[in-house]
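Put chain B on the given structure of chain A with help from the hints.
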Amino acid sequence: MKKWALAGLSGLLAAGALAGCGKGEEPQVQADGGKKQETTKFSISMRTLAFNHVEKSPNINEDKWVKRLEEKTNVDLDIVLVPHKEYEQKMIQMFATGDIPDVVQSSGGVNGKEMAGSVQAGVFQPLDELLQKYGQNLLKKIPKDAWDNVSYKGKIYAIPEWLSNPSRRATYIRADLLEKTGLPVPKTVDEYLNVLRAFKKLGVENPYMGRENFKYADTFFGAYDVFPYLSMFEQAGDLVQPKFMDSENMQKALQTYKTMYDEGLIHKEFATINATKFKDTILSGKAGMWSMNANEMLQWQEQLRASVPDGRIEIIASPTGPDGKGGHYLYGSVTRGYFINKSVKNPEGIIKFFDWMVSDEAEQFFTFGVEGETYTMEGGKLAYKQPKTPQEVDEERYRQAFLWMVQDTTYNKGTLELTEEGKKLMSVYDTILANEGRDGITFEPRLETLTKNPDISPISDQAPPILLTHMVKMVYGKEPISDWPKAIEEWKAKGGADVIKEATDKFKNKDGVTMSRRK
Amino acid sequence: MAVKAEAAPVRARRSGSAGIGRWIWKYRALYLMSLPGIVFFLVFKYIPLAGSVIAFQNYNIFSGIAGSEWVGLEHFRTMFAHYDFLRILNNTLLIGLYDVVFAFPAPIVLALLLNEVRKVVYKRLLQTVVYMPHFLSWVIVSGIAIGIFSPSTGAVNHLLGWFGIEPIYFLGEESYIRSILIGSGIWRDSGYGTIIYLAAIAGINPELYEAAEVDGANRWRQTLAITLPALLPTITILFLLHIGRFLDFGFERVLVFLNPLNVAKGEILDTYIYQQGLLQQQYSYTTAMGLFKSVIGLVLVLIGNFLSKKTTGSGLY
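Protein chains in written order, with the working numbering: chain A, 62 to 580; chain B, -1 to 315.
Certain hints may be false.
[As the list claims (entries may be wrong)] The calculated EDC-like cross-link candidates involving lysine to aspartate or glutamate, where the alpha carbons are at most 20 Å apart (straight line), are:
no., chain 1, residue 1, chain 2, residue 2
1, A, K555, B, E171
2, A, K539, B, E114
3, A, K406, A, D139
4, B, K263, A, D516
5, A, K484, A, E563
6, A, K125, A, E357
7, A, K513, B, E171
8, A, K539, B, E164
9, A, K539, A, E551
10, A, K539, B, E172
11, A, K513, B, E72
12, B, K263, A, E551
13, A, K555, B, D82
14, A, K513, B, E67
15, A, K329, B, E171
16, A, K151, B, E250
17, A, K553, B, D82
18, A, K146, B, E250
19, A, K547, B, D82
20, A, K319, B, E171
Hints were generated in silico from the structure; no laboratory data involved.
Isolated chain A, as found in the complex:
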């Protein structure tokens, strides 16, 4: 409810801002104070996010949107791109060579792997005082979760871009196929399996789309609340331990996948299906149900229509397990963070630049672009030119998601509100996704016993290597599922016992503990 009100309000505000600024193309000085004198110059490293418009740009610093942003904010940016694919390695190289830009963009909080412990090593400056003076809007708009994520020893070290709804992955279904089966929208795991069986009868090649390492194919682990992931610790008696040690539910989840495998409801070769093949298969209409990030919904729908004209995609509530809940794992509350190098002498201008990012003017600029080019005014109402060609889509995405550096990344309200499909997607976020999802106790920084021993360490969305092998083999029937307790013993023997001890100790001492965001 509140969100709807907010959405309406921000729409009003956007319109107000628009009326106020008239022509968007003229160089604008910051509204506050009107200081025109000095241009703030700084370099900033940014991950390309595999966006076409960014990666194919001959020189991003000459891009027209960057130029416009610079004019609006009176800064001179020197953007240093970091390739999306080798992001962690390139970032570490950057730190190792000591060639560190004025502002470093992270892909999360202080303890991200790409930061390589640089915050602890004192590479960046604390921002508390600066934010009090020059970043009041940031402090007001960004939720506490996000600030906590970019803090170290009680001091804020970065300006976070945040995710207000961390339940990002969703269960997709082909609504047109579901209609053909005549079945209602499934809720429990058993109902889900029945729908999948009906899909199979219809001749759907992949009733549930599988993928290697259970990546984006982990819906049913969520139903039983046994994600073997990094953020999934729970209290069990006196101990704090990973959720996969819940043998009973883990075996049920594995059994669900085995049933699917045995009955041909998941591809027999899912262990070798990679991301590309996953997407291609779904978009060519050969899958009935799958898991994907909800923000991809409209694009996938569009692309599916190219091969299956009457194909309809819908997001439905994820299957529920014995506790009546379900969902995918929750993302961290920070999507990108901006750290300021200790060597920067005048960080005020940089803070002001980021402060502008959460202003209404910024929302207007990044969402709709500039008048005459990406939108026109018709009778006091804004008419946005929907991008048509793939290049235009890429450019919009770049403007809204790459260049808009600090925002709530849940969804882009401005553009979604313009279409029926978009409105529907927003309601999906607020009614379905906001109510599902699995989370657990997390530790920041990462437990030392896990960093020291990568074999037994899960990552954000993948099981530890030694467990993953057992999980896949059990689904393929190469090992009995009843051996799961043995797999746990193996994990414990290879260092897991120390992990449980460290987690329990830190939990008791309240040392870097974040509690689950879901009850």
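Here is chain B on its own, set in the frame of chain A:
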């Protein structure tokens, strides 16, 4: 030039080092030419070698080599005590061994076969075709392999189906992974490997073949008695070089074929180092592993060279 050459011996008598100086001066053109090579090896091979010292430290990229804590042999101890060390070493050794036994002779056989092709046009065409896979990246090779070995859509299982054999999930069975790794290597690189052998074959004196023909030797006899012996020095050198890289099977070509179902028999030191060192930032630990690997490689080369000198009289040095 002549004046300088006369002046040099006078100085040479004074001391030994001046003698070397004179020597260098005399052959200055040669030294000048070798300079880029020497600098290359110093800068890119010998100086980085000093970086191996992090194997004995707890290396931290912000403290650097000078500031990191010295831990001596701790990482080596951890490595030898690691529960998976023996399995991974065993995989590495076996895959290395299969590579020597099956993949090393493949280009020789292929070169001999190519040499017997009579029509020049056909031979050129064949050569081009067999070179080509070498220029494909491993990611593509693995994509092709996963495709043709697929139980549902792959050509291989389709073929097996004609003989009434049930489809086999080749990449999902750990017992096939080593064969696939070696086989894909042979498919990709044996064609390219023939270049040196074909060049060596081209250098054999044709009179030898003519004489053999006069003596009544057929093609097979000629191959055994002339071509192969003439190739032997080349084979020896290449073999010794190959032995030096015995444990360096290469990480990329293995990584792209691995999945949880076959990792138990496919994981080798290189992939392990990549996963732990680069992805998990365990730099010191994996440098220790790399160092261990290099030492084994060096020992193998020394042994191989010694044996080669004893038996054939020729070696790398």
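- request: Quickly compare the C-alpha distance for K513 of chain A and E171 of chain B to 20 Å and report which way the hint goes.
  value: 30 Å, violated
field: Proposed proximity, D139 of chain A with K406 of chain A (alpha carbon, max 20 Å)
entry: The hint holds at about 17 Å.
message: What's the verdict on K553 of chain A and D82 of chain B, does the C-alpha distance respect the 20 Å limit or exceed it?
response: 15 Å, holds
message: Does D82 of chain B sit within 20 Å of K547 of chain A, going by the straight-line distance between their CA atoms?
response: Judged against 20 Å, a Cα distance of about 17 Å means the pair holds.
- request: Below or equal to 20 Å on CA atoms is what counts here, so check K319 of chain A against E171 of chain B.
  value: 17 Å, holds
- request: Starting from K125 of chain A, check that the Cα of E357 of chain A is at most 20 Å away, please.
  value: 26 Å, violated
message: Holds or violated: K539 of chain A and E172 of chain B, Cα atoms, limit 20 Å.
response: This hinted pair holds, its Cα atoms lying about 11 Å apart.
- request: Compare the distance between the alpha carbons of K329 of chain A and E171 of chain B with 20 Å, and conclude whether the hinted pair is satisfied.
  value: Cα-Cα ~13 Å, so holds.
message: So if I understand the rule, the pair passes when the alpha-carbon distance is 20 Å or less; does K539 of chain A with E551 of chain A pass?
response: 17 Å, holds
query: Hey, K263 of chain B versus E551 of chain A, does the alpha-carbon distance stay inside 20 Å?
result: 18 Å, holds
message: Need the status of pair K263 of chain B, D516 of chain A: alpha-carbon distance at most 20 Å?
response: Holds, because 16 Å separates the two Cα atoms, which is no more than 20 Å.
message: With the threshold set at 20 Å, check whether the alpha-carbon distance from K539 of chain A to E164 of chain B stays at or below it.
response: 17 Å, holds
Violated hints, in rising order: 1, 2, 5, 6, 7; the structure is consistent with all others.
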